[in-house]
Amino acid sequence: MMRQLLYISTGCDIDGLDLAEILSASERNNARDQITGFLVFNGRNFLQFVEGAADRLGALLERLHGDARHSGLVVLEDRPLTVRTFPEWSMRHVELREDIPGRRNQLEAILPGDFDVAMKRIILNFAALN
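Position 4 of the sequence shown, counting from 1, maps to 43 under our numbering, and the rest follow consecutively.
Treat the hints with care, since some could be wrong.
[Said to hold, decoys possible] DEER-style ranges, computed between Cβ atoms:
#: 1; residue 1: GLN73; residue 2: PHE154; range: 19 to 29 Å
#: 2; residue 1: THR49; residue 2: GLN145; range: 19 to 29 Å
#: 3; residue 1: ALA92; residue 2: PRO140; range: 34 to 44 Å
#: 4; residue 1: ASP138; residue 2: ALA93; range: 36 to 46 Å
#: 5; residue 1: GLU127; residue 2: SER63; range: 28 to 38 Å
No lab work stands behind these hints, which were simulated from the structure alone. For glycine and all other residues, C-beta sits at the position ideal for the given N, C-alpha and C.
Turn these sequences into a full structure, and let the hints steer you where they fit.
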């Protein structure tokens, strides 16, 4: 069974090198595990949307819970999936702009028009966090 997950967490002293390592490992592991989605980091908090086989997402969550580079991981949405929303993105990184309206526009631009309204609201509200 395929699932979609949306989670947030707080980064623990993440710098540019840490973020590059996280993105590289995520892209490699997600491609291997056939997980797709995107990652947003605002300098303090992560928001990640992922989709894939339920067992592989479960293994991903286990790895994430054990990763000391972030804490307070909370799954906001976990739902069944029939068709992937982002089949081409093993791990797209969305680098947020400085201004909040620009951030919202930036995130809205990557979401398809038929994207789930509740998830969209959560993702767009993430733009206001600092």
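Exercise. Of the hints stated earlier, which fail here?
Worked result: 5
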